[in-house]
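Turn these sequences into a full structure, and let the hints guide you.
So the protein sequences, as listed, match chains F and P. For the first sequence, counting from 1, position 163 maps to 163 in the working numbering; every step adds exactly one. Residues are numbered in the working numbering as their position in the second sequence, beginning at 1, plus a constant of 1000.
Among the hints, a few may not be true.
Stated by the list, open to error - With a straight-line Cα cutoff of 16 angstroms, these simulated EDC-like cross-link-like pairs (lysine to aspartate or glutamate) come out:
id, chain 1, residue 1, chain 2, residue 2
1, F, Lys131, P, Asp1037
2, P, Lys1035, F, Asp133
3, P, Lys1024, F, Asp133
4, F, Lys131, P, Glu1034
It should be emphasised that the hints constitute simulated quantities derived from the structure, not laboratory data.
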Amino acid sequence: MNRYENVIAHSGGQVVSSNKVLKNTYLLLSATLGFSALMAVVSMAIGVPPIAYLVAVIAAMVLGIFVLPRTANSTSGIGVIFLITGLLGFGLGSILSMYLALPNGPQVIATAFAGTGIIFLGLSGYALTTKRDFSFMGGFLFAGMMVVVLAMIANIFLQMPALSLAVSGGIILIMSGFILFDTSRIIQGGETNYIMATYGLYLSIFNIFISLLQILGIMGGDD
Amino acid sequence: MEWMQILGVVAGVMMLFVLWPAYKHWSANSPKAEKGDWQAVLLPLAAVVGLVVLLIMAVK
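This is the structure we're talking about:
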C-alpha cells in the first residue's frame, strides 16, 4: 500500500468511526429524550413543587461534572446519563405544570416543543450537510455562556423581565451555536465518546426548550 | 422564595465553575476562523432568530 492509499484508508476509517459515534449519539439522544419526557409526565402527575426544578438541575449538574466524565468510557456511563436526563425531565415536569395553569399554557408548551425540534433538526442537518468545522467557535461560545450565566445570577436579585427575556434569547443563540459546534466535533472526529456527545446535545436541546418556554410565556400573553 | 434564590445562585455559580476551565481550554486551543466561517454560522443563527419571532407571533 503506497502513502496515498494509506491516507485514504486512514481517512476512510475515521469516517466510519465518526459515523458510528454519530449513529450511537442520535440513538442514545432519542432514548434519553424519551425517558426525560416520561419522567416529566410522572412529575406532573405527582404534582411536584417548582423548587424540584432547581434541585434536579443542581443534582444533574453535580452528576454531569463529577460522575459522568469518570464513567463515560464504561457501560455504567449509560446509566449515569439516563439518571441525569431523568432528573432533568423530572424537574421540567414542575415547570410544565406551572405553564399548563396559564390560559394559553398548552399552546405555549406545544409551540416551544415544535420550535425546539425544528431548531435542533435544522441545525444538525445544516452541520451534517456542510461538513464544516465549527470548532473555531469554542472560546466564543463558552465566553458567551459565562456572560449569560452572570446575567442570570444578577437577575435573581434584580428581577427584571427585560433582562430575563434577553438571557433567554442569548441562551437560544448560544445553544444553537453549541449544536453546530458539537455536531461538527463528532463529524470531524473531535468527540469520540457518544455518551459525552449525547450529554452535550441533550443540554443544548433542554436549554433551548426552557428558554423558548420562557420567551413564549412572557410574549404570548394578552397585551 | 429565599430558598429558590439561594438555589438559583448555587446553580449559577456551579455553572461558572464548569464553564471556566472549558473556556480557558477552548480559547487557547480553538483553531482560527477562516474566511466565510462566521458567515456560515450567522446564516443559521439568523434563521433561528426568524423562527423564534414566528413562534412568538403564533402564540400571540
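Original post:
Is the straight-line distance between the alpha-carbon of Lys131 of chain F and that of Glu1034 of chain P 16 angstroms or less?
Top reply: Holds. Lys131 of chain F to Glu1034 of chain P sits at ~14 angstroms (cutoff 16 angstroms).
Original post:
If you draw a straight line from the CA of Lys131 of chain F to the CA of Asp1037 of chain P, is it 16 angstroms or shorter?
Top reply: holds (12 angstroms)
**OP:** Starting from Lys1024 of chain P, check that the Cα of Asp133 of chain F is at most 16 angstroms away, please.
**Re:** Violated, because 20 angstroms separates the two Cα atoms, which is more than 16 angstroms.
Original post:
Are Lys1035 of chain P and Asp133 of chain F close enough, with their CA atoms no more than 16 angstroms apart?
Top reply: Holds, at about 12 angstroms.
Of the numbered hints stated above, the single one contradicted by the structure is hint 3.
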